[in-house]
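Protein chains in written order, with the numbering used here: chain A, 1 to 339; chain B, 1 to 339; chain C, 1 to 339.
Don't read these hints as lab results, they were simulated from the structure.
There could be a bad hint or two in this list.
[Said to hold, decoys possible] Across the chosen pairs, the derived CB separations fall in these ranges:
| id | chain 1 | residue 1 | chain 2 | residue 2 | range |
| --- | --- | --- | --- | --- | --- |
| 1 | C | W87 | B | P91 | 44 to 52 Å |
| 2 | B | T293 | A | N338 | 25 to 33 Å |
| 3 | A | G295 | B | P91 | 48 to 56 Å |
From the three backbone atoms N, C-alpha and C, an ideal C-beta is built for every residue, glycine too.
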Amino acid sequence: MVRLDEIVARFGGDLVGNGGILVRGVATLESAEADQLGFLSNSKYQGQLAVTRAAAVILGPEARDACPVAAIVTAQPYLYFARVAQWFNPPPRPAVGVHPSAVVETVIPASVSVGPHAWIGAGASIGENTVVGAGCAIGENARIGAGSWLHPRVTVAAGCRIGERAIVHSGAVIGSDGFGFARDAAAWVKIPQTGRVVVGDDVEIGANTTIDRGALEDTVIGDGVKLDNQIQVAHNVHIGANTAMAGCVGIAGSAKVGAGCTVGGGAIILGHIELADGVHVSAGTLVSKSIATPGSYTGTVPFMAHADWLKNFSRLRHLDAMADKIRALEMRLAELENR
Amino acid sequence: MVRLDEIVARFGGDLVGNGGILVRGVATLESAEADQLGFLSNSKYQGQLAVTRAAAVILGPEARDACPVAAIVTAQPYLYFARVAQWFNPPPRPAVGVHPSAVVETVIPASVSVGPHAWIGAGASIGENTVVGAGCAIGENARIGAGSWLHPRVTVAAGCRIGERAIVHSGAVIGSDGFGFARDAAAWVKIPQTGRVVVGDDVEIGANTTIDRGALEDTVIGDGVKLDNQIQVAHNVHIGANTAMAGCVGIAGSAKVGAGCTVGGGAIILGHIELADGVHVSAGTLVSKSIATPGSYTGTVPFMAHADWLKNFSRLRHLDAMADKIRALEMRLAELENR
Amino acid sequence: MVRLDEIVARFGGDLVGNGGILVRGVATLESAEADQLGFLSNSKYQGQLAVTRAAAVILGPEARDACPVAAIVTAQPYLYFARVAQWFNPPPRPAVGVHPSAVVETVIPASVSVGPHAWIGAGASIGENTVVGAGCAIGENARIGAGSWLHPRVTVAAGCRIGERAIVHSGAVIGSDGFGFARDAAAWVKIPQTGRVVVGDDVEIGANTTIDRGALEDTVIGDGVKLDNQIQVAHNVHIGANTAMAGCVGIAGSAKVGAGCTVGGGAIILGHIELADGVHVSAGTLVSKSIATPGSYTGTVPFMAHADWLKNFSRLRHLDAMADKIRALEMRLAELENR
Chain A
1 MVRLDEIVAR FGGDLVGNGG ILVRGVATLE SAEADQLGFL SNSKYQGQLA
51 VTRAAAVILG PEARDACPVA AIVTAQPYLY FARVAQWFNP PPRPAVGVHP
101 SAVVETVIPA SVSVGPHAWI GAGASIGENT VVGAGCAIGE NARIGAGSWL
151 HPRVTVAAGC RIGERAIVHS GAVIGSDGFG FARDAAAWVK IPQTGRVVVG
201 DDVEIGANTT IDRGALEDTV IGDGVKLDNQ IQVAHNVHIG ANTAMAGCVG
251 IAGSAKVGAG CTVGGGAIIL GHIELADGVH VSAGTLVSKS IATPGSYTGT
301 VPFMAHADWL KNFSRLRHLD AMADKIRALE MRLAELENR
Chain B
1 MVRLDEIVAR FGGDLVGNGG ILVRGVATLE SAEADQLGFL SNSKYQGQLA
51 VTRAAAVILG PEARDACPVA AIVTAQPYLY FARVAQWFNP PPRPAVGVHP
101 SAVVETVIPA SVSVGPHAWI GAGASIGENT VVGAGCAIGE NARIGAGSWL
151 HPRVTVAAGC RIGERAIVHS GAVIGSDGFG FARDAAAWVK IPQTGRVVVG
201 DDVEIGANTT IDRGALEDTV IGDGVKLDNQ IQVAHNVHIG ANTAMAGCVG
251 IAGSAKVGAG CTVGGGAIIL GHIELADGVH VSAGTLVSKS IATPGSYTGT
301 VPFMAHADWL KNFSRLRHLD AMADKIRALE MRLAELENR
Chain C
1 MVRLDEIVAR FGGDLVGNGG ILVRGVATLE SAEADQLGFL SNSKYQGQLA
51 VTRAAAVILG PEARDACPVA AIVTAQPYLY FARVAQWFNP PPRPAVGVHP
101 SAVVETVIPA SVSVGPHAWI GAGASIGENT VVGAGCAIGE NARIGAGSWL
151 HPRVTVAAGC RIGERAIVHS GAVIGSDGFG FARDAAAWVK IPQTGRVVVG
201 DDVEIGANTT IDRGALEDTV IGDGVKLDNQ IQVAHNVHIG ANTAMAGCVG
251 IAGSAKVGAG CTVGGGAIIL GHIELADGVH VSAGTLVSKS IATPGSYTGT
301 VPFMAHADWL KNFSRLRHLD AMADKIRALE MRLAELENR
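Please build the complete structure, drawing on both the sequences and the hints.
Structure follows, in structure tokens:
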């Protein structure tokens with residue numbers, strides 16, 4: 001249990017009410033119990049303040065007067081909540097040391113934790129305090145920065161580099177071959193993929209996400225990039241700092257995504273195109289051309305009851321004809337009007 | 001080899017013809033050989049009856065008279081086929097016991113099978129007769145119900161729960177962190193993901209499917225849910241009982257999908273929306289709003305020859321202008337008509 | 001370092017300039033250094049010839065006169081580059097033999113390399129010179145052809161077959177159960193998936209790609225097929241020889257894709273349909289009907305600035321009404337014209 005005034009001393013904000021109130025953790029405003037700290041970051045839920053059971057609430061100045069319990073007032077309640085939540089919930093770090101079933105073919109710091117059945121290849125470099133989970137496979141000469149956490153069953157292929165404080169979730173594959181072939185009549189001849197994947201610091205990579213190594217040069221993931229699950233990043237892609245992508249996104253080869261971008265779930269970015277910094281792509285959108293101007297971009301169709309869809313969307317096959325008919329009507333009408 | 005009348009005694013249905021006929025298994029009507037039991041569940045294939053080599057056929061009452069060989073008549077031939085096929089093809093269960101290369105840090109029943117290089121963390125609970133395949137990683141305090149089958153290389157993260165009789169295919173990841181961050185100027189601050197994944201009974205989870213743990217509360221998968229391969233289920237999603245989803249579906253955070261729903265391959269369901277029970281989403285559809293009424297919903301575009309597509313779909317950029325032109329034409333025409 | 005005339009002696013082409021020039025490898029025209037061999041395969045980059053630092057350039061006859069340095073002239077520069085790059089960059093083959101931590105329950109050739117924590121089940125057959133990477137799981141009675149390379153953490157389920165010279169990337173799952181259920185009132189009854197996956201020779205399968213085993217018959221992947229990452233191939237699909245598919249493609253059950261096809265990233269092919277040989281499907285396209293004629297097919301919508309999209313795409317809900325309005329206008333106008 002922690003006193004509210006301890007939290008404010010550590011994280012800032014204005015304390016309203018009794019600083020001696022004790023809380024054991026954070027919770028949503030709706031579910032918080034009498035010994036928890038709730039938070040209000042979306043004005044849509046402000047009505048819940050009146051009935052909250054929370055001991056106290058993290059909230060913005062505009063909600064201060066509506067709060068019936070103690071409050072920590074801050075300009076960015078969600079960010080404040082994130083920091084307090086991290087402090088209350090340090091991830092349960094596995095014990096330091098190499099599990100006897102692991103195979104480590106390189107020298108690693110004593111502060112590293114290597115789980116059961118993990119393999120670290122010859123020449124690999126693992127930073128201080130890094131966690132290599134059960135069943136991970138780290139190829140020869142790969143490099144993982146200090147303070148990183150690889151959850152169970154992550155693959156990092158030979159020669160690839162991951163920066164400091166990375167979090168990589170289970171099933172992710174960093175450094176598989178890019179998809180490159182030259183045609184030889186009907187068949188395909190493989191282009192060797194001799195580049196690396198180079199991942200910056202403070203990057204999070206989701207479960208079963210794949211990042212291919214470059215063909216001749218590297219695939220590059222900037223500092224602070226956050227990739228959700230099941231994302232496919234093809235060879236020679238560059239992703240700028242602090243860009244975040246939701247699940248199931250696919251990025252084709254040699255695309256360059258700027259810094260501070262967001263990409264919604266299931267979006268596809270075609271190859272060899274470039275997105276400026278600060279571009280926001282909506283979920284399900286196919287980005288088929290470069291985007292030079294920051295802003296939000298969308299290309300999806302509305303869904304509707306299937307019967308309505310049948311009626312409306314079959315028209316798409318005839319849009320061009322519809323446009324022609326409109327033009328013809330305009331001309332005929334102009335002629336009538338000019339009679 | 002099994003007698004037809006044995007099958008009917010066990011599974012019901014009306015036997016037409018010689019109950020002493022012996023069959024060694026089930027097959028499609030088209031490929032069944034003289035010692036196999038065919039089935040006809042789609043009237044489209046009824047023409048194949050005349051030429052089948054099957055010893056006997058499972059079929060509905062409407063096809064009874066058209067069948068030239070013995071038949072088992074039932075109201076639901078496909079369901080009957082499923083049950084008989086299960087009986088003929090019990091999955092080849094690995095030997096009971098813990099492989100010497102596995103690492104088991106908890107007490108498990110003697111009836112469990114643990115494959116090579118599997119890891120089961122401290123405090124985990126594994127039900128009777130469960131199979132934990134080669135290379136699986138079961139985190140601390142996870143719980144797997146009795147009679148479940150985890151194929152090789154499944155990950156179940158710490159604290160997550162899977163019910164009884166689950167089937168989880170290779171590469172699936174249950175309990176990776178949800179994708180939650182608060183903005184701090186240009187950078188992102190991680191929201192600890194402290195909820196669990198709670199999976200009901202009789203659930204099947206496909207290969208390389210990922211289900212994230214909840215942020216503060218749990219991600220919940222109902223009884224009897226069937227998830228195909230490569231599906232992404234984000235944090236705090238709820239999926240109702242017996243809902244089935246085809247491959248490559250993505251469901252964003254906090255979405256609630258009702259019971260008895262079906263979702264077609266590659267569909268995307270956005271976050272914080274709600275689908276009623278009995279909603280059927282077509283393949284490739286982006287569901288961007290809640291759906292309160294059961295029924296089928298679609299939002300996809302027809303494909304066409306590329307040249308036709310170029311001509312038609314460029315018009316989409318000008319739909320609004322087309323609508324304006326139509327309105328202008330209507331007004332001009334009304335004026336002429338009223339002259 | 002290799003002499004240009006050695007390369008030409010081995011791979012053909014016309015040498016222009018000094019055959020004694022030494023190169024240490026291949027690089028893009030833009031990045032090639034003074035001891036590297038560049039290549040020009042796309043006329044768009046011909047301008048880079050004038051400023052290249054490369055020792056020599058692989059190029060087509062049309063660019064011969066524009067090349068300021070030595071050249072190897074060939075009709076297919078990209079194919080030539082692929083072959084030379086393979087020769088310069090033989091993949092770093094792990095040592096032959098079985099790692100002591102691996103579990104091999106069958107007899108394998110002495111030429112095979114089996115990595116740490118790999119498992120090969122009873123009755124499996126592994127061809128000469130095959131590499132089974134760390135943490136792979138090869139089920140009972142599976143068969144892997146000679147000269148194949150399974151990267152770390154690949155799963156091949158019981159009874160499945162992979163041909164010769166396959167490359168399978170990390171996290172791929174070959175032979176998970178197909179997604180087949182019969183309805184039993186609200187619930188689902190599993191159809192046993194008793195077919196296999198049968199993969200031809202010279203196939204490459206990407207990271208975290210999944211290929212389901214057939215329900216009663218087999219799923220079949222032809223010779224020379226190339227599948228990128230995160231692809232889902234459902235049960236009983238057939239893919240013809242030398243077809244190539246980009247990342248995130250989903251193919252539903254029993255679809256038949258011809259030979260020599262290409263499928264762009266994120267495309268979805270529905271079940272039970274058939275694509276002729278030589279069909280090219282654009283990225284993001286949903287193929288909902290069979291295609292009998294070779295050629296390129298597309299069904300995607302243009303993306304645009306979000307505000308423009310809101311204005312234009314809401315019209316899609318009213319396309320049918322727009323068509324009706326046009327028809328009404330045509331009739332009213334015809335009446336006026338005939339007065």
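Taking the hints in turn, this is what the structure says about them:
no. : hint                          : verdict
1   : W87(C) - P91(B): 44 to 52 Å   : 47 Å, holds
2   : T293(B) - N338(A): 25 to 33 Å : 51 Å, violated
3   : G295(A) - P91(B): 48 to 56 Å  : 53 Å, holds
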